[in-house]
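Trainee: So the chains spell out like this:
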Amino acid sequence: MKDERLNKLIEAHLEGALHEDERTELESTLLESESARQQFWEQASLHGLLHEAAKLRWADAPAAPSAAPVWQLMSCLWQQFVRPLPLAFAALVVGVFSGSLVYAHFTTTTATAVPLTNAGFESGPEPTSSGIAAAFDRWGGDLCRVVPAEQGITPHEGARMLRFLSAVSQGAPEAKDFTVADQWLLLDVRELPLQENARTIALSARFNRTADSTAANNRFGVGLYAFRGTAADGPLLWHSVKARALAFAETEVPTDSDPATWERGETRLTIPADADLLLLRIHAFKQNWQDSATPELIGHYADDVRLEITPAKHSLP
Amino acid sequence: MNSLDPHTLRVQQHFIRHQTALKAFVLALAPGFAEAEDVLQEAFLTVTEKAAKFEEGTSFFSWACAIVRFKVMEHQRRARKTTALSEEVLAALEAAAPPAIFFEQRLCALENCLAKLPERAQQIVRLRYHGEHGAEAIARQLAWTPNSVSVALSRARETLRECVQRALQEQEAQA
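Protein chains in written order, with our numbering: chain A, 1 to 317; chain B, 318 to 492.
Heads up, a few of these hints could be off.
Claimed, not checked - Here are the simulated distance ranges between beta carbons: (1) B:Pro-435 with A:Ser-130: 33 to 39 Å; (2) B:Ala-454 with A:Arg-190: 30 to 36 Å; (3) B:Ala-408 with A:Asn-7: 52 to 58 Å.
What the hints assert, rightly or not - Subject to a maximum C-alpha distance of 30 Å in a straight line, what follows is the list of computed DSSO-like cross-link-like pairs (lysine-lysine): (4) B:Lys-433 with A:Lys-55; (5) A:Lys-2 with B:Lys-367; (6) B:Lys-367 with A:Lys-8; (7) A:Lys-55 with A:Lys-8; (8) A:Lys-55 with B:Lys-370; (9) B:Lys-433 with A:Lys-8; (10) B:Lys-398 with B:Lys-433; (11) B:Lys-398 with A:Lys-2; (12) A:Lys-55 with A:Lys-2.
Hint data in this document are derived by calculation from the structure and do not stem from the laboratory. These figures come from a predicted structure and were not determined experimentally. Where a beta carbon is used, it is the ideal one built from N, C-alpha and C, also for glycine.
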């Protein structure tokens, strides 16, 4: 039978609301009683699982805007062997390296910059508007244009920048109450200077928008997605991305309405050893877009895309 | 460069297959979502480093839980959290932790149970677990008191636990 007092203490623990005397009481109970430990796991396991279940249930809805990086590793193996549900994916949320450790010591040294095609949109071929290119090192995605300074916005670096125009790539925009315009760049993992202990990639980009962008919720994002396959698979990668990707990481950043400032979005991903392809994504998001007679994106810009390999060196004591 | 040996690669795959259960394990011991992210990342790297010490045929989940528990302890030492459970208690809880299948079965049932929650309770759960808002932020958003939010969350979790229990019992009866 469930102990109601213990129930309340565990609930307070899960909400980070334990007072000192309550913590002492909970600890004492857990140490003394096997049934208390069983009750703990019955209650507390739900807290962790709810985080996962909520992501699955509301997978199509944007989460609260956050500048915090969200790393996700997911595995087709998980679907195949453990959970035969169509939406099932195992998400390992991982974060930034921080601090010194007892088991492993991480020493961050200088990151290795990976040269990207047209990272500042200064030269080279214009990004296509026909989805992900079936070739490496070629920007492609939704309708966009490379522009000089305009609408009171000056490029973050150089003389040109990318302007997102519409979520249209291969047909009409989808009828949703939000719009997401993407640009993607496909890379060959074998060409990246990865090492056994330096497989973490950091993607960053700068974003800006005009002050009169009408939607209440404008934000931008960066994403990294690792796949098996070849460049020819490029155009199909975004379909069923959650089932196809070996791992992915995404970050969305809210933006201010000050054209003078560029917000920075960054995300990191540890590349699985068996990945062949790395897909880079930058996107603009606008909520409350419903009227197809008005422009989807009025003034949404990206610039200065950077990719770095973070040499996280770790050794055992 | 794909230079991991086959055993290490298999150990990484074990980790990925069990990551939902491992994450639930972390969040039970240390309920903060952001902290869990860091803990899992560091645990993944340590599991990779120590892969040679894992013996196939033994329980990967138990082996990984021990590593994860040490990571939780490291984070708590660094953060000096006053609300954190003591290391002695964390060790006792790890020893009593259920197997991975316990978490995996509950996740399957939980998805269906979430859909059955009343709309208001779903809203609270969504803000807490999908939006990752704390009780105070939810209270501001809904113009409630933080205490009301905590009570509503607690009730929603209780309802979900009962629903999950029923679902698991039904599955057992049908098996």
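Trainee: Run the structure past the numbered hints and jot down the numbers of the failing ones, going up.
Mentor: 1, 2, 3, 5, 6, 8 and 10
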